[in-house]
Amino acid sequence: MVPRPHSLFRGSDQEQDHRQDVRAPVINRMNQTFSAVANHKPVWLHPDIHETLGIICEDLHISEEGTHQDNLSPVFFEPLGTRHVPPPHPTAAETPTHAQKILDEWDRPTPRPPTVTDQLYLLMYRINVIFDTSPRDFEKDRGWSNTLSDYAKWFICGEITPELIAEEFDGLVWGPHASMPNVGFTARPRLNKPHILLALLTRSEANEMLCRSEALTILIVMLTRLERDELPNHNVIPMMVISVFPGFKLRILEAHYDARGLVIRKSDFLGFANRDAAMQNMDTLMSFMGSKMIGNTMVPNLMAEPETEVPPPPDDNSGQETNSRGLKFWRVGFLWRALRLMLKTHMSDIRDTVYTS
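Quick note on numbering: the numbering used here labels position 32 of the sequence shown as 92, and the sequence is numbered without any gaps.
Fair warning: there could be bad hints in the mix.
[Said to hold, decoys possible] Straight-line alpha carbon distances no greater than 27 Å define the calculated BS3-like cross-link-like pairs of lysine-lysine that follow:
#: 1; residue 1: Lys326; residue 2: Lys309
#: 2; residue 1: Lys200; residue 2: Lys213
#: 3; residue 1: Lys253; residue 2: Lys161
#: 4; residue 1: Lys213; residue 2: Lys326
#: 5; residue 1: Lys161; residue 2: Lys200
#: 6; residue 1: Lys101; residue 2: Lys352
#: 7; residue 1: Lys352; residue 2: Lys326
#: 8; residue 1: Lys309; residue 2: Lys352
#: 9; residue 1: Lys213; residue 2: Lys101
#: 10; residue 1: Lys326; residue 2: Lys101
#: 11; residue 1: Lys200; residue 2: Lys326
#: 12; residue 1: Lys253; residue 2: Lys200
#: 13; residue 1: Lys161; residue 2: Lys213
#: 14; residue 1: Lys101; residue 2: Lys200
#: 15; residue 1: Lys101; residue 2: Lys253
#: 16; residue 1: Lys101; residue 2: Lys161
#: 17; residue 1: Lys161; residue 2: Lys326
Keep in mind that the hints were calculated from the coordinates and are not lab data.
Computed from a prediction, not measured in an experiment: that's the story for all the values here.
Sequences are here, hints too, so could you generate the full structure?
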């Protein structure tokens with residue numbers, strides 16, 4: 061099997077032992093799902109294999125107002141609604157030179173046809189400027205800026221590894237796979253919430269099916285979070301994933317783990333290939349990324365249903381084979397993270413060419 065890190069619970073007092081007892085069945089079940097997905101070789105997870113892997117994939121329908129269309133339960137993110145997203149700040153100097161310029165020049169041709177990597181990083185750059193850089197018109201909290209990410213009380217991660225992904229998983233996430241994390245956010249520390257917002261760049265052509273690396277990355281982040289003692293009273297790790305694909309399109313995933321398994325709600329694709337589509341879909345995206353973090357994440361009996369063993373997927377040769385593959389990926393993890401930094405530098409050059417020429 062893929063090597064798993066040792067538990068990071070510390071101390072032996074009664075309170076810590078109780079928390080470990082509560083979390084242990086959650087981590088155990090999640091490990092089973094993780095192993096099943098890690099052993100599954102195809103890039104895409106066909107719906108017929110979801111139950112075998114321990115995954116429940118549901119549709120995430122978005123209303124015209126940019127909110128949840130269906131009455132979902134449980135819910136851990138409450139979208140703002142496009143009408144309630146704070147507008148750009150009317151006087152801040154950064155507003156016209158950043159967000160508005162990006163929108164105005166959305167259809168401007170680049171000096172050369174963008175590669176798949178160019179498309180992924182360029183769209184993510186535009187999203188990040190509008191979400192995490194451009195000033196918004198609202199009364200900000202003392203000591204914080206007035207971006208939409210601050211309005212939603214997100215705190216950007218300095219490094220995804222090791223802040224969101226334990227180094228033991230490095231190769232599985234940063235290796236030559238279909239997806240690669242780009243930027244991550246956690247709730248502000250004082251909120252005491254385990255919610256996570258993560259952007260994922262997926263190199264494969266867009267497919268309606270769930271991508272293996274989407275599910276695997278979600279599980280790895282959840283396990284990393286649970287096996288640390290940062291938020292000891294929480295055993296549900298809600299995640300929102302912005303999964304970006306070639307062709308300037310993305311989908312929104314909302315995920316959590318409960319007694320049924322890994323629950324992933326998946327939206328239809330939102331297109332950003334031209335300015336008209338981008339204007340409409342960017343409002344919807346900002347409504348979701350700026351969501352209020354809600355829901356009960358301190359469920360003491362999360363695995364209340366009888367625990368069932370998740371069988372290995374078909375064509376799984378042996379745990380030993382997966383183990384050797386996992387060790388190999390672990391060795392090359394740092395190399396691929398270094399490559400990611402090179403790609404980000406490359407995209408900075410493209411950005412400067414597009415917006416300063």
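These are the hints, each one checked on the structure:
no. : hint               : result
1   : Lys326 with Lys309 : holds (14 Å)
2   : Lys200 with Lys213 : holds (10 Å)
3   : Lys253 with Lys161 : violated (35 Å)
4   : Lys213 with Lys326 : holds (24 Å)
5   : Lys161 with Lys200 : holds (24 Å)
6   : Lys101 with Lys352 : violated (36 Å)
7   : Lys352 with Lys326 : holds (19 Å)
8   : Lys309 with Lys352 : holds (24 Å)
9   : Lys213 with Lys101 : violated (38 Å)
10  : Lys326 with Lys101 : holds (21 Å)
11  : Lys200 with Lys326 : violated (32 Å)
12  : Lys253 with Lys200 : holds (20 Å)
13  : Lys161 with Lys213 : holds (26 Å)
14  : Lys101 with Lys200 : violated (47 Å)
15  : Lys101 with Lys253 : violated (34 Å)
16  : Lys101 with Lys161 : violated (43 Å)
17  : Lys161 with Lys326 : violated (31 Å)
This entry does not satisfy hints 3, 6, 9, 11, 14, 15, 16 and 17, going by the numbered hints stated previously.
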